[in-house]
Amino acid sequence: DAKTTQPPSMDCAEGRAANLPCNHSTISGNEYVYWYRQIHSQGPQYIIHGLKNNETNEMASLIITEDRKSSTLILPHATLRDTAVYYCIVRVYSGAGSYQLTFGKGTKLSVIP
Amino acid sequence: DTEVTQTPKHLVMGMTNKKSLKCEQHMGHRAMYWYKQKAKKPPELMFVYSYEKLSINESVPSRFSPECPNSSLLNLHLHALQPEDSALYLCASSQDHAGNQPQHFGDGTRLSIL
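Residue numbers (this note's numbering), protein chains in the order written: chain A, 1 to 113; chain B, 114 to 227.
The following block holds chain A by itself, in its conformation from the complex (with noise of 0.2 Å):
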């Protein structure tokens, strides 16, 4: 099972900031937290990830709080090519020194004009 919660589905003005909340209370100390999205008819696309220290990149910022029980990916000038399904997933340990991605159902986040 997923280790995540996100809200199901979010809106944003176009041009604002996209903030897109996530909580993992469950989650290890030695465990990430990853971030894809998924446009429609496409795979998921990779965005961010993170352990302890928030990240910045050219897509996005991720905000980790100092418990690592949530975060919070900051899309900040949202275009309508962002809309999309968010995921956010905790990479769990599978053994044998493998870790897997198990999705949890997302947020879709629609970008108004």
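Be aware that one or more of the hints could be misleading.
The list that follows gives simulated cross-link-like pairs (lysine-lysine, DSS-like), each with its CA atoms no further than 25 Å apart [as the list claims (entries may be wrong)]:
1) B:K135 - B:K151
2) A:K105 - B:K154
3) B:K135 - B:K153
4) B:K151 - A:K108
Hints are computed from structural coordinates only; laboratory data are not their basis.
Computed from a prediction, not measured in an experiment: that's the story for all the values here.
Following the hints, put chain B in place on chain A, whose structure we already have.
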């Protein structure tokens, strides 16, 4: 554009047919994955290959048979599928299966079973 290429993009087959899905990556990744995604549901992991060896099989029925001929290629052989197997089949790859490098996905093969 994705760096993981899946063919075909669409496939329609009968329940008695045998077909194969193909996945290719040239990023030097040593871990490759098959996922299944039903409509309006999240992707679900099916198989993991690490260094060309099957390392995880998520209790997938034997009518799905994966194969990893080399480090760049991953196949999924299909035989005697059921209508409920209709779904989007996604391939992904990552640098390895133990590190924290992200998985990169293809755009999938949309499979319809008649």
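Right, here's what the structure says about each hint:
Taking the CA atoms of K135 of chain B and K151 of chain B, the gap is about 19 Å. The hint holds against a cut of 25 Å. This hinted pair checks out: K105 of chain A and K154 of chain B have alpha carbons roughly 7 Å apart, not beyond 25 Å. Restraint check for K135 of chain B and K153 of chain B: the C-alpha separation of about 24 Å stays at or below 25 Å, so the hint holds. A hinted pair counts as satisfied when its Cα atoms are at most 25 Å apart, and K151 of chain B with K108 of chain A qualifies at roughly 16 Å.
The structure agrees with every numbered hint stated previously.
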